[in-house]
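Enquirer: Quick mapping for you: the protein sequence lines, in order, are chains X and B.
Okay, so the first sequence: first residue is 0 according to numbering that gives the first Met the number 0, each after it adds one.
Okay, so the second sequence: first residue is 0 according to numbering that gives the first Met the number 0, each after it adds one.
Worth flagging that the hints you see were computed from the coordinates, not collected in a lab.
Check before you lean on any hint, since a few could be wrong.
Restricting the straight-line Cα-Cα distance to at most 25 Å, the calculated cross-link-like pairs of lysine to any residue (SDA-like) are [what the hints assert, rightly or not]:
| # | chain 1 | residue 1 | chain 2 | residue 2 |
| --- | --- | --- | --- | --- |
| 1 | B | Lys120 | B | Thr189 |
| 2 | B | Lys120 | X | Pro20 |
| 3 | B | Lys120 | X | Arg128 |
| 4 | B | Lys120 | X | Arg80 |
| 5 | B | Lys120 | X | Trp116 |
| 6 | X | Lys76 | B | Leu209 |
| 7 | B | Lys120 | X | Thr53 |
| 8 | X | Lys31 | B | Val211 |
| 9 | X | Lys31 | B | Leu209 |
| 10 | X | Lys76 | B | Asp122 |
| 11 | X | Lys31 | X | Leu12 |
| 12 | X | Lys31 | B | Ser52 |
| 13 | X | Lys31 | B | Thr189 |
| 14 | X | Lys76 | B | Thr124 |
| 15 | B | Lys120 | X | Asp110 |
Quick look at which bits of chain X chain B covers, simulated, 3 or more residues with Cβ under 8 Å [unchecked claim]:
| # | stretch |
| --- | --- |
| 16 | 38–45 |
| 17 | 125–138 |
Note that the coordinates shown come from a computational prediction; the quantities given were computed from them, not determined experimentally.
Note that beta-carbon positions come from the ideal geometry of N, C-alpha and C, so glycine has one too.
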Amino acid sequence: MAALAVALPLHLLFAVVVSEPYPAIMFPSFGKSPTADSSVAPEPRFQVAFADGTTAAITADELLTDIPIGNQSVLQKLFPRREPKELTGGGLVTSIRRWVNRHLTGNGVFDPAFAGWLDDRTRELHPGRDPVSLTMTWVDVEIEAGSGDVMSETERNNYTVELGGGR
Amino acid sequence: MTTTAPTTTSRRFDQWLFDNYDDVTDDSLAVVRILYAGVFLLFMQPEFTWIESFTDSFFFPPIGPFLVLPGFPPGPFFVVVEIVLSVSLVAVALGWRTGWASLVTTLTLLAGFGFTYSFGKIDHTIFVVLAPTLLAAAGWGRRWSLDERAGRVGPGPAARWPLVVLMVLLGWMFFSSGIQKLANGWLDPTVQSTRGHHLNHLIRGDDALLAVRVAELDNRVLYELMDVGTVLLECAGLVAVVSRRWFRNFLATVAIFHLSILAVLNIPFWGNLIPYLAFFPVSVAPRPGRWLDAVMARLPSVGGGAVVAGVGAVAAVVMLAVGPPGTALLDAIGIGGEILVTRSMLAAGAVLGAWWLARELLGWMSGLRRRGVSPA
Chain X
0 MAALAVALPL HLLFAVVVSE PYPAIMFPSF GKSPTADSSV APEPRFQVAF ADGTTAAITA
60 DELLTDIPIG NQSVLQKLFP RREPKELTGG GLVTSIRRWV NRHLTGNGVF DPAFAGWLDD
120 RTRELHPGRD PVSLTMTWVD VEIEAGSGDV MSETERNNYT VELGGGR
Chain B
0 MTTTAPTTTS RRFDQWLFDN YDDVTDDSLA VVRILYAGVF LLFMQPEFTW IESFTDSFFF
60 PPIGPFLVLP GFPPGPFFVV VEIVLSVSLV AVALGWRTGW ASLVTTLTLL AGFGFTYSFG
120 KIDHTIFVVL APTLLAAAGW GRRWSLDERA GRVGPGPAAR WPLVVLMVLL GWMFFSSGIQ
180 KLANGWLDPT VQSTRGHHLN HLIRGDDALL AVRVAELDNR VLYELMDVGT VLLECAGLVA
240 VVSRRWFRNF LATVAIFHLS ILAVLNIPFW GNLIPYLAFF PVSVAPRPGR WLDAVMARLP
300 SVGGGAVVAG VGAVAAVVML AVGPPGTALL DAIGIGGEIL VTRSMLAAGA VLGAWWLARE
360 LLGWMSGLRR RGVSPA
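Take the sequences, apply the hints, and build the full model.
Expert: Here it is as structure tokens:
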């Protein structure tokens, strides 16, 4: 019990200040909602371009159909929605955070293996077609709290991945 | 030589640790064991073989043991994980080498979920993962088990302190969630965080059950009360561990809370419900008890391993072929199996929670009456 009394607060502190470890004895936090009158939700949108000049929209659920955890979080890793914060300074916590950022952030969209996977996946979703590129755009959708109506849509980062068209 | 008498505080601590759940019987824990393994095997056993269709570009392990790995293991690894999990769950259900089987279940789930969460999101299933090992230590394999048939169960009641450890871990988990919300500003009266999360879920298409109706309620006071209520309830988890009565009332409230989360946010937080039962004195009616006795009497007192291997092999083949068979069957006849099972379990949990709280309230009121105090 004494060990738990020390270990539990320490690993929660680590999770809050640096990054949540796994395994960890904790439940999810859920952040504060940004405004009182509306809510902004990031929405990933995909468009695949084919060799014949046509395009088609595909959803994140179609693309990542097999992944049973929230696909938005997965997509945030692969196609970062925001530029990573520049961590400056030499304190211990900043150094740990910098190390974590370096080691927990992959090549994502710039990884050739990922482009290959996207190419295979778009061909599965559109059999017989010849995809040449996939564009992913993060759109911030603002919803009015009272009515639930869409108040605005703002495009954020977008990424284009060249696929193996004509292979 | 002189001995020092234990202080009142240390005696109270020992009572809290060792005698806290002395009303939870071996029968009661055995029911939880059979339900846990049975529901997993039939309906909810997690699948991991899907991971093999993704490249290492998706490998973003959280800080922890998975960080040292260069990427996902090859596909056959996940087939082995699913086979081991099926066999260990069968062993837990039948109570064969229950301690080891429960530990293997914990380790297998820990590994499978670890690779699942290495896609970039941690779902908080750790209580379901740890429960088998701690409940086995608390004696969930002592009744209606092959271990009992084979005489591998020692005399006398099992130590229940692992149940207290599990209680502290669970209370802490809720507290960790509440205290983070508190730090994140959930009590800021100018912002209704529940409202924000609700709308985010609606945008993503989670519009089932009461989600749309609740969205139409444009009442800031109500939403602020939800924010405050959520933070208070979750933080209360750590306070509730002081007494088993408080903790049971806390869990009964949480069971209702889980149903409300499902109804509004469409988050089916079902997995903890069966392990919650371990903290309650579940009484088994004579007839089902006799039926379980009769079933166990038909199983061999020696060679239980062969029974587990045979049933486990069938369970593993079915799991690899169609997934959890109960869910597959419900899906095949056009009923969404997973949705039906999770919603039914959450509804049953909330009904049981409400029943428990009503029983406590009535007991409290009749206690006041006996002492001649008006509850009003």
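Enquirer: Are the hints correct? Go through all of them and say.
Expert: Evaluated hints:
1. B/Lys120 x B/Thr189: 29 Å, violated
2. B/Lys120 x X/Pro20: Distance ~11 Å between B/Lys120 and X/Pro20 Cα, so the pair holds.
3. B/Lys120 x X/Arg128: 32 Å, violated
4. B/Lys120 x X/Arg80: 15 Å, holds
5. B/Lys120 x X/Trp116: 20 Å, holds
6. X/Lys76 x B/Leu209: 32 Å, violated
7. B/Lys120 x X/Thr53: 34 Å, violated
8. X/Lys31 x B/Val211: With a Cα-Cα distance of about 21 Å, the restraint between X/Lys31 and B/Val211 holds, given a limit of 25 Å.
9. X/Lys31 x B/Leu209: 22 Å, holds
10. X/Lys76 x B/Asp122: 16 Å, holds
11. X/Lys31 x X/Leu12: 18 Å, holds
12. X/Lys31 x B/Ser52: At roughly 35 Å apart (the allowed maximum being 25 Å), B/Ser52 and X/Lys31 break the hint.
13. X/Lys31 x B/Thr189: 11 Å, holds
14. X/Lys76 x B/Thr124: 21 Å, holds
15. B/Lys120 x X/Asp110: At roughly 20 Å apart (the allowed maximum being 25 Å), X/Asp110 and B/Lys120 satisfy the hint.
16. 38–45: holds (count 3)
17. 125–138: With 0 residues close enough to chain B, the hint is violated.
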